[in-house]
Amino acid sequence: DAKTTQPNSMESNEEEPVHLPCNHSTISGTDYIHWYRQLPSQGPEYVIHGLTSNVNNRMASLAIAEDRKSSTLILHRATLRDAAVYYCILPRGSARQLTFGSGTQLTVLP
Amino acid sequence: DTEVTQTPKHLVMGMTNKKSLKCEQHMGHRAMYWYKQKAKKPPELMFVYSYEKLSINESVPSRFSPECPNSSLLNLHLHALQPEDSALYLCASTSSGANVLTFGAGSRLTVL
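If you read the protein sequences in the order shown, they are chains A and B.
With the working numbering, the residue at position 67 of the first sequence is 334, and numbering never jumps.
With the working numbering, the residue at position 100 of the second sequence is 95, and numbering never jumps.
Source of the hints: derived by calculation from the structure; they are not laboratory data.
The structure presented is a predicted model; accordingly, all values stated were derived computationally and were not measured.
Do not rely on the hints blindly, as some may be mistaken.
[What the hints assert, rightly or not] Chain A regions said to be covered by chain B (calculated; three or more residues, Cβ under 8 Å):
(1) 297 to 304
(2) 307 to 320
[To be verified] From chain B, some residues computed to sit far from chain A (all C-beta separations above 12 Å):
(3) 3
(4) 6
(5) 9
(6) 10
(7) 13
(8) 14
(9) 47
(10) 58
(11) 59
(12) 60
(13) 61
(14) 64
(15) 73
(16) 79
(17) 107
Even glycine gets a Cβ: it sits at the ideal position worked out from N, Cα and C.
Given only the sequences and the hints, what does the whole structure look like? Please build it.
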């Protein structure tokens, strides 16, 4: 199964863009890359997912490297409410279930 | 309704008690999940139900017993738990064929 590697923590200033990296060098060709975030005292929340092309939605953008060995979650203007643990997730196991890695704790500074 | 509702939000139980955690969704999702999350750790998959049948059991001890009485409800029955089972228990659901999970807020369990 492919493994994801993320920095343990990152800081950003409020209203500035944030780029959260994820390495997944052993990803298979058909696996989607998923991002979830978990705000304090809440369950995880879906952010975005993609396969090969860059993806945009109202929450964020996902930039996927051409070789698919890495991806970057982009928050265009961080707010204090974006402070959370961000998880980059790949499907694992024969049933291709989403399995969480350690994630990145994002701190947004006012 | 786009929510997964978990009850109770908090539960304290002794090691000899029997209790249950409940999860409900009305989004028509046919797959439902239990995850366990210890403090400062990522969620760990415990069980998956697909079309009300248990499809995945991640080698969870038998003191945790899941039940899916219908497509909207998922229970986790707890018996003879240990203090190390204290954690946040998260329920999630997804529509069949998709892989976008909707999580509840969790039930925080403390075992004394």
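Those earlier numbered hints the structure runs against, lowest number first: none
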